[in-house]
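Chain by chain, the residues:
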Amino acid sequence: MNAQAIAAQSAESLQQIPLSHGLALAAALFCVGAVGMLIRRNILFTLMSLEICTNAVALAFVAAGAHWGNPDGQVMYVFVVTLAAAEVAIALALVLLFYRRHHTLDIDQLAAMRD
Amino acid sequence: MELVSFYISALIALMASLLAVISRNAVHALLMLIVSLLAVACIFYQIGAPLAAALQVIVYAGAILVLMVFVIMMLNQGKAAVDQETQWLARENWLAPASLAGALLVMMLYLLWDSASRGAAARSVSAAEVGLAMYSKYLLVVELASFVLLAGLVGAFHLARRHTADSAASTNNAASTESVKSARGVR
Amino acid sequence: MSALTVLIAGFPLLGFLCLACAPLLIRRPLSESASAIIGVGSVALSAVAWAILATHHASPAYVHLWQWVSLPPLRVDFALYVDALTITMLGVITGVGLLIHLFAAGYMRGDDGYRRFFAYLNLFVGAMALLVMADNLVLLYLGWELVGLCSFLLIGFWYRNPENARAAGKAFLMTRIGDTALLIGIIALFWQTNTLGIQAAMAALQDPGHNDRMLAICALLLLAGAVGKSAQIPLQTWLPDAMAGPTPVSALIHAATMVTAGVYLIARCHALFQSSAMAMQTVAIIGTATLLVAGSSALVQTDIKRVLAYSTISQLGYMFAALGAGAFSAAIFHLVTHAFFKALLFLAAGATILRVRHKQSLDAMGGLARRLPFLCACFGVGCANLAALPLTAGYFSKEHLLLAIWHNQPPWLWWCALIGAAITGMYSFRIFYRIFFGPVKANDISRLPPAATRWQMGVPLVALGLLALAGGWIAPPLESIFVDAHAEPASLVVGIAGTLATLLGIALCWWFLARRPGSQALGLCREFLRQGWGFDALYQRLFVRPVLWISRVNRGDIVTQIYRGISALSLGANQFLSRAQNGTLRWYMATLLAATLLLLLVVHALARVSGP
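Protein chains in written order, with the working numbering: chain A, 1 to 115; chain B, 1001 to 1187; chain C, 2001 to 2612.
In silico contact screen, one side only, chain B against chain C (beta carbon under 8 angstroms); selected entries:
#, residue
1, P1097
2, L1100
3, A1101
4, A1103
5, L1104
6, M1107
7, L1111
What the hints contain is simulated information worked out from the structure, not anything from laboratory work. All residues carry an ideal CB built from backbone N, CA and C; glycine is no exception.
Chain A extracted, bound-state conformation (with noise of 0.2 angstroms):
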């Protein structure tokens, strides 16, 4: 069996999985994450909510470009991951700066620090 068979095989299989399953899946774990969000106080819990529709969002990319057969999807992925690592590395910065000060990981207590 030669390579192009076996993509055909893939192909052949992959096809089971419709486009909009993917995506649904996708809106469905941001809106997790939406709600992670809105519900919680402490902010590492905000952060990991963050996490989550990150995440969600990079599934759509790699759903929408698998589906159409097109590298574009996985090169936005990569991009995706790379703001979520330099985000996460200042957010966790912040969060231990603002622990330090005032000993309390309330995110409503940060909203004083406006005035």
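Chains B and C: place on chain A using the hints.
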């Protein structure tokens, strides 16, 4: 067969995410998050994105979340924090936001349902293709992403650094200038 | 040649700059003598340059200085054009201007604004020279506006009195109406002939294929400008009020030079006016109406300067009537002689006013002949000229005017002009008689001014008196420029009729003054005439009151209220929305989700509506 495994993975991802969001303990939540990410990695593999699946496991679950684990350990949240979370997660606090997000979900699902998914020749996209695309078409974006990473690195280093040495030096300076001033005043 | 033409306008402008900038340079007030030397000297140099130019150089000449604007096809050069008409006008400006400057050096002595006065006067002379030397209409307009500015500044010279400032503003606004029309006319003429040069435009008119109606409109617009500047009906009301300025200003600007700019403009563009019979007729009718209205108003004025102002308007009306009759050289000739004798009259009046302690009312004068014999003689010469008694300069020019009107206009216009001549005789005699004869009312004569001042004021009076007596024999050589309509020989009948009309007027006036009738009807009529036929009241009712009414209605300014409402709305919205910026992350997230939901709904609904 793939369809069944897809649904199983999807279910795991959703449940794990939900548990992560409503968990009282930060470490438990983090573990649930890792489970969710791994499930999504499975889905990546199944829909024909092996590179994304690998990166998800190595970078996302492996590196980024481990970073969070370290931070949680440094913060050392105890029993008091769990009680505090329980108090914050009262029903009146989460009902309205959850229903809002639920409405959004319903809307998105309805739209997905509404737009019929057109069948296209789906195929697996290899890592080689992705690499070629990244370093030809998206070269500039890759450079920009490296800038973002560098900025993140520097920023995180600057923010998380303890300023004790600095502050000590500055107070020393202040003291020395004071003494100089007083000396002048005497003269 | 080019240097001389530039110098004629350049000396006074340089004088203006010196006088204006002197305090900056020498850091202390300029003495009166220095101001007078700079002010009078610059005009004297200018007059010398004119004399050399007039005697030694052939005209016409074109002097191109530099290019001003170049926007093809529009091209404006800073260029001067000198021909016999320009030389004549320059002679009046520099010659009469010099004499009046000299007079003013004595007259204004002791005034706070001595330096300022001479700076303005010098600027005026330079601008007026620029106006008459301009080769193109844009440059002419520049000079036109500059002399208007000087007029404004000098009428309001004693600006501490609000009345003077009001008169200055009135003069400025009234002439501005005409100026705006002139500007439109210049643009329209450029549109028609594709050139702004005066000579080029007049030459272009000779080509066939022009729109006659448009050219007539151009001529009427230029006429409107001339009417504003020369105080003709319906824009004549500013000139009597302009007498608020110092008397030398009245003599120079409001009698001899600036108000004749309108006459010059029409004479300069005579080809344009001649191309339209209707425009010529309009000029003639405006002139005739003005000379009658202003003459009759001059009959009853009690302020000595207002009499002279109305007589100026009336004489300008004569010039316009002659222009309308096609007698351009006659009009310019009368312009020159009028400049001589009216300047003489104003200066003599100014000297008289100075001697009776700044009283200007005729009622406060009388019987001054024995006390002021020299001024009486000067004033008498001026009045004789004004009334056009035989053998004076005014007689010669007036005869030319009447002859032209007789030959080229319908008879009723000639009769009007003749009646005007009679009225002129009446008011000339009246003012002379009221000041210098009759019962003595003013015993309070101030003593003679110092010798230097006496000299400065006396020399111009003598010189102008001689010019007014002998000016009739120095007819300006204008045949090269105008092909006058009246080629006919002088008519004895016309000459005798004019003289008889004047003598009749004088006799009538003598009779009136002797009898002093005072009936009620005559008093009412007199009041009407004194108000200048009620033009001021008419304009007040027609224009000023409606504008005041509108401004009163719109006191709150409706448009401003609208804008204020918008700003209040924005402020309110800002305050409302800034409440959303509360710094709470969860609140931001919730609004983000809600907005996304809303957006999806809207997009979906739109897709439903527009889709199948």
